[in-house]
Structure formats: C-alpha cells, structure tokens
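Novice: Those sequence lines, one after another, are chains A and B. So the first sequence is residues 183 to 716, counted in the working numbering. So the second sequence is residues 5 to 252, counted in the working numbering.
FYI, nobody ran anything at the bench for these hints, they're computed from the structure. Note that the coordinates shown come from a computational prediction; the quantities given were computed from them, not determined experimentally. You may find that some hints are simply not true.
[Stated by the list, open to error] Facing chain A, according to a computed beta carbon distance under 10 angstroms, are these residues of chain B, among others:
| # | residue |
| --- | --- |
| 1 | LEU45 |
| 2 | PHE88 |
| 3 | ASP91 |
| 4 | LEU92 |
| 5 | ALA94 |
| 6 | GLN119 |
| 7 | ARG198 |
| 8 | ARG200 |
Note that the Cβ used here is the ideal one computed from N, Cα and C, for glycine as well.
Listed below are the residues making up each chain.
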Amino acid sequence: VARTACCNIIEFPVQVLTRHMPHLRDSACIVLAHEALQAPVIGYSAKAFELGVRHGMRYSAVLEFAPHVQAATVSQAELAQAQHQVQAALQSLSDEVLHNRDEPGVFWVNAGGLNLLYATARAFAEQLGGEISRLGFQARVGVGFTRFGTYLATVNVTESLQEDANGSHGHSGSRGHSAHAAEGAGGAFTGESSATVFHSIEHERREVSRCALQPVLRSERAGKRLRRLGIVTVGELLRLPRSEIRSTLGEEVEELYLTALGERDLPAAPLEEAHRTPVARRSLDQALAGSEPLLRVIQEMLNMELRRLRRGEQVARMRLTLELERGGEHREELRAAYPTGRCELLVRLLRLRLEARRLELPVVSIVLELDVRRARARQSMLFFEIEPQGDEQHDESLPADLRARFGDDAVGYLEPCERQLPEQRVRFVEQAKPLASRVTQQDESVQEPQSAQQDESVQVVRRAFVVPQRLNRRLLPPGTLSGPYALSCNWWGNSERRLYYYLVPESSGGEFSPTAVWLYYDLERACWMVQGTV
Amino acid sequence: MLCRARDLQKPVQPSSGYPLTFAVSRGCITELSGPAALDVLCRLLREVQQRSAQRSSAHGSARRGGASGAVRVVWIMTHQSLPFAPDLAANGVAVRDIAFVFTPHPVAAAQAAEQCLRSNGVDLVILDFAEPAAGLCATAEHTQPRERMREIDNAVLGRLLRLCRRSHAALLAITERSGDLAGSLVFTRLVAERRRSSSAADATADANAGANAGAGGRFVSSLKLVKTKTGRQNAAYREVLRGPYGML
Chain A
183 VARTACCNII EFPVQVLTRH MPHLRDSACI VLAHEALQAP VIGYSAKAFE LGVRHGMRYS
243 AVLEFAPHVQ AATVSQAELA QAQHQVQAAL QSLSDEVLHN RDEPGVFWVN AGGLNLLYAT
303 ARAFAEQLGG EISRLGFQAR VGVGFTRFGT YLATVNVTES LQEDANGSHG HSGSRGHSAH
363 AAEGAGGAFT GESSATVFHS IEHERREVSR CALQPVLRSE RAGKRLRRLG IVTVGELLRL
423 PRSEIRSTLG EEVEELYLTA LGERDLPAAP LEEAHRTPVA RRSLDQALAG SEPLLRVIQE
483 MLNMELRRLR RGEQVARMRL TLELERGGEH REELRAAYPT GRCELLVRLL RLRLEARRLE
543 LPVVSIVLEL DVRRARARQS MLFFEIEPQG DEQHDESLPA DLRARFGDDA VGYLEPCERQ
603 LPEQRVRFVE QAKPLASRVT QQDESVQEPQ SAQQDESVQV VRRAFVVPQR LNRRLLPPGT
663 LSGPYALSCN WWGNSERRLY YYLVPESSGG EFSPTAVWLY YDLERACWMV QGTV
Chain B
5 MLCRARDLQK PVQPSSGYPL TFAVSRGCIT ELSGPAALDV LCRLLREVQQ RSAQRSSAHG
65 SARRGGASGA VRVVWIMTHQ SLPFAPDLAA NGVAVRDIAF VFTPHPVAAA QAAEQCLRSN
125 GVDLVILDFA EPAAGLCATA EHTQPRERMR EIDNAVLGRL LRLCRRSHAA LLAITERSGD
185 LAGSLVFTRL VAERRRSSSA ADATADANAG ANAGAGGRFV SSLKLVKTKT GRQNAAYREV
245 LRGPYGML
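Make a model of the complete structure from these sequences and hints.
Specialist: Have a look at this one:
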C-alpha cells in the first residue's frame with residue numbers, strides 16, 4: 183500500500199489572519215464568515231478557545247461572554263491564495279497533492295516511492311512541516327496509509343499517538359486521552375507543529391480505532407446521537423453491527439463507518455488551478471452573416487490570443503458573445519475535452535456549435551473570452567503515462583464535440599443511486615466517474631454488472647421516463663392488469679405513496695404479447711402516471 | 005494497391021448462427037424492433053464492453069490517471085424514455101460506461117451517430133427511436149418520429165455504412181416496427197418479441213436456465229431474423245427471461 187501524508191494547518195483562517203497581522207498571534211481573536219453581528223465564527227485562536235468560543239457561534243453571542251475578543255474576516259481570495267502557496271510548496275516534495283474541499287488547510291501528499299529520498303517517514307514528515315512553516319503556517323503532519331487515518335492522526339494528537347510515533351508501542355489510557363483531545367481539538371491553534379508516523383497499516387488501524395469520532399463528524403446531531411449511545415471512538419463505532427448502522431444512525435454515520443472500515447476514504451481533490459480570462463473584442467466594419475465568415479474572424483482573434491499565452495498556459499473554456507445587427511446578443515460557451523493550446527481543436531468546437539445554431543441576424547461585433555489555466559506538470563507521469571494519441575485522442579474529445587454541436591446537456595452518463603422511487607434510482611452525471619473512485623456498493627440494484635451467475639437467466643429490461651408522465655386514460659388499451667404493488671417512501675418529508683401495476687394489452691391474435699405498460703396510481707396526488715414500459 | 009490488412013476484414017457469420025453478436029453486426033447497419041428489443045440487446049452490450057475492457061487493459065489505457073477511459077458504447081436517443089439502468093445492470097451491463105446522447109429528432113440522431121463513428125473511438129452506436137409509451141401520456145408532444153425517420157434516406161445511411169466499415173463499429177437502430185428505418189442498406193432486420201412462459205418445454209428450459217425462483221414471472225423471448233444478407237432468413241432464436249419483481 184502506498185504511503186500518504188496529511189498536512190493539517192489547524193484553524194487555517196486564523197493562521198492566514200495572524201500571518202498578515204502578527205500582533206494578533208498571542209491574543210484572543212476570532213475569524214467571522216462576514217462582517218456582521220450575526221456572522222458565525224469560522225476560526226478561533228487558542229486564547230479564544232479557552233474563553234469558550236466554538237465554531238458556528240454568532241459574533242453577538244461571543245461578545246456576551248468575551249467582550250474583548252478581537253474579530254476579523256478573511257476573504258475567500260486570501261484563503262485561496264494561501265492554499266495555492268501551500269500546495270506549490272508541497273508540490274516541490276511530491277507531485278500529487280490533494281486538498282479537502284470541506285476543510286481548507288487540509289492537504290494530502292502522496293508519499294509513495296519517496297523512501298529512497300528520505301531515510302525515514304519521520305524525516306519526510308519533518309520536511310513537509312518545514313516547507314509549511316517556511317510560509318508562516320504551523321501544521322500537524324500525519325504519515326500513514328489512508329487519508330482517513332492520517333487525518334485523524336492530525337486532529338487527535340494524544341499521548342499514545344505521540345509515544346507510538348516515537349517508536350515505543352506502550353498504550354496508556356488511550357481512550358480517555360483521545361476523547362479529551364478531540365473535545366478541544368476540533369483543534370484550537372496553539373502554534374505548535376507535530377508529526378505522527380504510522381509504521382504499518384495494522385499500526386494505523388490500531389491507533390485510529392482509539393481516536394475520537396467527534397472531529398470527523400460534520401453534523402452536531404449525529405455526534406449527539408453517538409455520544410448518547412456511549413460511542414466516542416472509532417473502535418467503538420466499528421463494533422456495531424453493519425446492517426443496522428444506516429437505519430438507526432443515519433447516512434452520515436454509515437459513511438463514516440465504511441470509511442473507518444477501509445471500504446471508502448475521505449473525499450479529496452486537486453486544488454483548482456488559478457485562472458485568468460483574457461478578452462478579445464472586435465467590431466466588424468461590415469456585418470457578417472453565415473458561420474464561415476464568422477469563423478474566419480474568430481479564428482484570427484483566437485490565434486492572436488493563443489500567441490499571447492504565457493508558457494505552460496492552456497485554454498479550458500471559451501465564451502463567445504456575438505452582438506447582432508438590430509440589437510440583442512447571442513452567447514455561446516464551449517468547453518474543450520481537456521485544456522489545450524491548439525487553435526484547430528478550439529475552432530473545430532466553435533464550428534460545430536455555430537453550424538448547429540443558425541443566427542437569424544448578421545453579426546456586428548465579437549467578444550471572445552478565454553478561460554486560461556496553467557497546465558499541470560507532473561514529472562512522475564513522464565515515465566508512466568502515455569499521452570492520448572491518434573484514435574484515443576479522438577474518442578476522448580467525442581463528448582466535447584457532441585456537446586458543442588447539440589448543447590451542454592446533450593451528453594450524460596447514468597449513475598445508479600440508492601433510492602426507492604424508480605425515477606430516482608438513476609441520475610445523470612456530466613462525466614463518467616473514474617474507476618479509481620468507484621466504491622463498493624452493497625445494494626444489488628446499484629451494482630456493477632453481475633456476470634457469472636446470472637448469465638443464464640436474462641431479466642426483462644424496462645424503459646422508464648426520466649420524469650413520470652401523466653396518463654391519458656382514454657388512450658389506455660384494454661388488457662390484463664397485474665398488481666397493485668405498493669411503494670411508500672419519504673414519509674418524513676414529501677411523502678410518496680404509489681400503487682404500481684403492469685398492464686399487458688390484449689394480444690391482436692398472434693402468439694406474442696405487445697409491449698406492457700408500467701404505471702402507477704399516485705395516492706398523494708390522486709392521479710394515474712406512466713412510469714415506463716416493459 | 006497497398007492497403008491495411010485490417011481493412012480487408014469482412015464480417016464473419018459464426019456457425020452458431022445467433023444473429024445479434026458483435027462479430028455479425030460490426031461494419032454494418034442493423035435494425036432491431038419489437039417489445040423485447042432491450043432484452044436481447046443486453047447480450048450484445050455485454051460482449052462489446054468485455055471486448056473493450058480486454059483491449060484497454062492490453063493497451064494499458066487504465067494507467068491514464070485511473071479514468072474510465074474511452075467511451076466505447078454510445079446510446080443516442082430521440083426521447084426521454086430511457087432503459088431502466090438497474091435492469092441493465094442485473095443483466096451484466098456496465099451502465100456507467102455507456103454515454104447517452106439526447107437529440108431532438110431522428111435526423112439529428114443520425115448526425116450524432118455520424119460524428120461518433122467519425123471519431124473512430126466507438127465500437128457500438130445505438131440509435132434509439134422506439135418510444136412505445138409516448139401515445140399514452142397526456143402531455144406527449146406529437147413529434148411523430150416515424151415520419152421524421154423517413155428523412156434518414158439512403159444517402160445518410162450510405163455515409164453511416166461507410167463509416168461503420170471504416171471504423172469496424174456496429175450501428176444498431178432500435179425502432180418500434182420492423183422497416184421503420186427504410187432503405188436497402190440495412191444489413192439485418194431483427195424482431196424481438198416476448199410472451200409469457202406457459203408450456204412444459206418452457207418450464208424445462210426455465211429450470212435449465214437456473215432462473216431465480218424469487219423473481220417475477222417467466223417469459224420467453226423470440227429473436228426473429230426478418231432480413232439478412234448472409235444468414236438464414238426467418239430463423240428464430242428463443243430465450244427464457246425472468247420478469248421484474250411484481251410482474252406475474
């Protein structure tokens with residue numbers, strides 16, 4: 183199993199603030215979501231924590247018991263800039279750096295194959311900590327084997343973890359320590375760096391099972407429910423019967439359970455690259471009609487803009503605004519299959535779109551806006567990855583071409599969902615999910631294909647409308663009705679109660695039966711609906 | 005004249021004679037109609053996906069960042085009545101690896117098919133024109149796709165056929181009635197029908213098939229070869245199906 187490291191810059195907003203205002207470092211300060219008395223607290227210093235400040239409290243409530251606390255806001259732009267700085271620093275050590283979308287300041291670094299560069303995992307952890315502290319931040323680093331385990335190691339800094347990290351495997355009162363640390367640790371920022379290293383996957387599992395659950399629970403409600411049952415640590419959660427988790431403790435706890443079990447991992451994504459949007463404008467001497475003359479002008483503009491791109495920059499999106507002769511505008515937005523700097527690829531997309539949309543009036547001015555991003559240089563992939571070439575390059579750009587011609591919603595992939603209503607058991611996604619991130623599904627209905635045992639008996643395949651349609655009963659043919667089969671769900675919200683039937687129309691004399699209708703009676707709305715056909 | 009060896013390949017008619025396999029369908033246009041069209045299509049989808057998976061693992065395309073890689077099956081639709089994904093999955097089809105394309109009318113669907121085949125990256129293109137429940141809906145738009153389908157003339161079909169041969173892909177049109185996709189360039193016309201299983205022979209076949217006793221009723225599908233340029237005309241191939249839960 184490849185090693186991974188988690189760098190957690192605890193209370194990231196506060197650290198961003200104190201980096202710019204060092205005089206606040208030793209005072210009780212908080213960061214608010216926005217400048218208002220009712221704004222919630224999104225970060226606090228150690229002194230503020232000691233005064234009783236917690237995440238989510240309103241500023242007005244904080245002033246009640248801590249009137250001298252200093253409050254400030256940190257803009258999203260400042261946070262994003264700081265995140266990019268940290269990412270760039272970490273990328274100097276490993277090319278694969280991912281961040282936690284839900285929690286700014288948490289990064290995972292792929293440490294696989296770095297054992298030849300660093301004598302020990304601890305040396306790598308120290309190097310990571312050093313890179314971050316050079317930027318003026320203090321981070322806790324955990325080196326292990328899963329994102330979940332390493333993240334928990336950074337938020338549950340306990341004596342036992344520290345001892346184990348230093349090589350001695352004695353366990354001393356771990357549960358008490360873990361739970362206690364977690365109480366505070368949603369983690370007040372104390373200005374200290376630390377590193378935890380797991381020597382093996384078994385070591386990580388053993389230590390993680392003693393860690394407190396509270397820092398990884400997003401909703402307060404789930405946390406309360408677990409505490410009421412006396413479940414405080416990961417190990418205690420894992421001792422519960424798997425089949426009962428979802429029904430008794432809810433979806434979030436089940437997700438956490440599967441993550442702790444090792445079947446899933448915490449979601450992580452590469453930080454979105456900073457981008458700039460150069461704009462080219464051209465007023466035409468003569469109004470242009472038809473796609474060909476327009477394309478020639480746009481190609482010329484595009485060529486000029488592409489020549490101005492800096493080294494390593496590529497175009498990910500294009501926005502085209504065409505001003506029409508008698509007022510009014512026509513807008514188009516196009517997205518390439520992958521960021522590119524090749525003019526002919528971008529012009530091909532433009533051609534497909536403009537030929538599909540016939541403009542009624544001539545065009546008098548053109549505004550071309552490009553979404554330019556820096557190409558990601560991944561050194562290690564130079565050795566392993568083969569760039570798509572020839573036919574493969576063509577088929578990767580096929581969805582982009584189809585979207586350019588038939589509209590952005592024209593292409594989609596079906597993603598099975600764990601729901602009750604037939605129309606909700608599938609949803610459309612714009613892009614196919616990568617194989618790597620596919621999780622093991624337990625529900626038979628949302629399974630990947632089951633090939634071997636069911637090859638012999640094929641199941642009848644139904645058709646279902648994306649949205650069930652109201653039935654025109656006058657058009658319903660006479661036939662045999664089988665059912666009803668009751669389906670009831672969402673009783674806690676928008677309740678749905680349906681009686682399902684299959685209607686097999688009378689055969690017109692032949693041996694075979696015509697297409698059956700799959701319909702239901704909606705008890706809530708008192709109407710007949712067509713779900714699909716069989 | 006020099007040419008590539010692969011360009012000399014011809015569709016091979018296997019001795020088993022089952023007419024809806026990739027070996028038979030590649031490089032030509034096939035029309036599939038009837039109520040059981042989706043049932044018999046699953047076998048072809050599975051075959052194409054297995055073949056693509058083998059090819060991609062051989063070429064090591066899985067290494068490209070773990071992404072699912074190329075789209076090998078494209079399902080082009082002119083309506084909103086989709087195949088029910090859990091049923092496809094139960095038949096061994098990887099639903100997530102099929103790209104669905106929505107087009108407003110049959111002519112646009114043919115254009116989309118042309119674009120897919122030109123990309124050289126698709127093994128199977130399905131043109132889905134069948135919308136059996138459209139007439140029952142109170143709000144159904146009267147698009148009359150059957151009349152619009154006549155606009156797909158021999159010139160369009162000829163282009164598609166040439167592209168199919170060039171890219172060694174299969175083009176399959178699902179229609180409501182056999183002959184809806186007019187033209188002499190349609191290589192094979194198949195009709196898939198279904199009836200409820202009742203006879204003793206069906207029961208035996210059912211037992212041999214090892215069907216799940218807990219599922220819905222039993223059905224027998226019949227795939228009839230209405231038109232073919234190489235095989236045995238009017239040959240029928242039968243298969244036992246199990247119905248969805250609740251369908252007796």
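Novice: Does each hint hold? Answer for all of them.
Specialist: The hints, checked one at a time:
The criterion of a C-beta within 10 angstroms of any C-beta in chain A is met by B/LEU45, whose closest approach is roughly 8 angstroms, and the hint holds. With its C-beta approaching chain A no nearer than about 4 angstroms, B/PHE88 sits inside the 10 angstroms limit, and its interface hint holds. Look at B/ASP91: its Cβ gets to within about 4 angstroms of chain A, closer than 10 angstroms, so that hint holds up. Below 10 angstroms, beta-carbon pairs count as interface contacts, and B/LEU92 has one with chain A at about 6 angstroms; its hint therefore holds.
Satisfaction of the interface hint for B/ALA94 is found here, the shortest Cβ-Cβ separation to chain A being roughly 5 angstroms, below the 10 angstroms cut-off. Because the closest C-beta pair between B/GLN119 and chain A is about 6 angstroms apart, less than 10 angstroms, the hint holds. Evaluation of the B/ARG198 hint against chain A yields a held restraint, the C-beta minimum of about 6 angstroms falling below 10 angstroms. This hint holds: B/ARG200 has a C-beta 7 angstroms from the nearest C-beta of chain A, less than the 10 angstroms allowed.
Of the numbered hints given earlier, the model fails none.
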